[in-house]
Amino acid sequence: MQDTLIFKTPGRGTQNITRQIGDVVAASKIQTGLAHVFIKHTSASLMICENADPDVRGDVERWLTANVIDGDPMYEHDMEGPDDMSGHIRSILTGMDLTLPVTDGRLNLGTWQGIYLYEHRTSAHSRQVVVTVSAAG
Amino acid sequence: MQDTLIFKTPGRGTQNITRQIGDVVAASKIQTGLAHVFIKHTSASLMICENADPDVRGDVERWLTANVIDGDPMYEHDMEGPDDMSGHIRSILTGMDLTLPVTDGRLNLGTWQGIYLYEHRTSAHSRQVVVTVSAAG
Amino acid sequence: MQDTLIFKTPGRGTQNITRQIGDVVAASKIQTGLAHVFIKHTSASLMICENADPDVRGDVERWLTANVIDGDPMYEHDMEGPDDMSGHIRSILTGMDLTLPVTDGRLNLGTWQGIYLYEHRTSAHSRQVVVTVSAAG
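Residue numbers (numbering that gives the first Met the number 0), protein chains in the order written: chain A, 0 to 136; chain B, 0 to 136; chain C, 0 to 136.
Next comes chain A alone, as it looks inside the complex (with noise of 0.2 Å):
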């Protein structure tokens, strides 16, 4: 089963899919296998994070902007914006695809773990994501 959604963000940020993955993985009625999520672009990624604190995900915010600059003057690629190549660079190192298991048919996470799309441009933009849910044996 494979499905595609569609996320609206308002800019730089970002937002708890974990609700809308589960429900690609409930309608498919796999049992155990495993849920691929892909993001269809290269400045916005997929990351799994601490889903009770929010200070959580603007702690990596800032350590980002504090190591991936924005409009750093060693860029060659900079017409589409200060934002831009630090939004290729940051979507690199958190990561396009993610495999999640899926157990008693649902995504097994961990209690404190969320799947965040991260938006890494500044304005706004529609994303789409790739969920394809498999079983396992």
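These are calculated hints, taken from the structure and not from any lab test. Keep in mind that the hints are not guaranteed to be accurate.
[Unchecked claim] If the Cβ cut is set under 10 Å, some of the chain C residues that face chain B in the computed set are:
no., residue
1, 1
2, 14
3, 19
4, 37
5, 60
6, 75
7, 82
8, 90
9, 94
10, 95
11, 124
12, 127
Note that the Cβ used here is the ideal one computed from N, Cα and C, for glycine as well.
Could you slot chains B and C onto chain A? The hints should help.
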């Protein structure tokens, strides 16, 4: 086939779990396919790393210590100790899921590759790892 | 379906391997599923990156050069040259496995996404990549 393994960690550092993952692959009897490994936590991670010289893992740890500062004053999330927020960022950078090929009934890794559980908290923890083996085709 | 591809690299840098992975997907005849790509080394990696402007890969390289120092005096593992330990860290940060959706018998990537093999050693190498295609459902 799916199994959950529990690993005790003595605090920050790596442990080689290649044999334990290989045992689940062998038990599955699957000849050609994939082994997916997932850690159900946000301050411990999974990493493929050189398996011959322990200094390599030591150097990875030194790089992370130097680049993801424990107790960095920029963190807002600081109530669980100086190693907690850095542990979340380290886990995101090194990753919480891995998928590996299975060939002729065994993990098909390179000669120098090992699968490591990486504990990022300084105190001992018990960590759950879900292994899912699926056939290709 | 599983196949092992061999790529010759001329030394540090990226090469686009999207077509070769797509050929394995086409040969599998699988319409809906996943393509898993795995590099059997610890100083070369796999990366999804913007595929239009080569400056983007140049800037990723500049960021890695600046942030994962070749021959950093803090490394203990230094017998195989200044690019070896940095190559291990670069591979961990960018990743050694990728899983991609297959839809209508083809890789379902975004318009601007390419799959790159990233050689981190400065000298030429031969690199093994295992591709596994599996059906979903």
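We went through each hint and held it up to the structure:
1. 1: 5 Å, holds
2. 14: 19 Å, violated
3. 19: Violated: closest Cβ of chain B sits about 16 Å from residue 19 of chain C, beyond 10 Å.
4. 37: Holds, about 5 Å.
5. 60: 18 Å, violated
6. 75: 4 Å, holds
7. 82: 13 Å, violated
8. 90: Interface hint status for residue 90 of chain C: holds (8 Å vs cutoff 10 Å).
9. 94: Check passed: Cβ of residue 94 of chain C comes within 7 Å of chain B, closer than 10 Å.
10. 95: Holds: closest Cβ of chain B sits about 5 Å from residue 95 of chain C, inside 10 Å.
11. 124: 12 Å, violated
12. 127: 7 Å, holds
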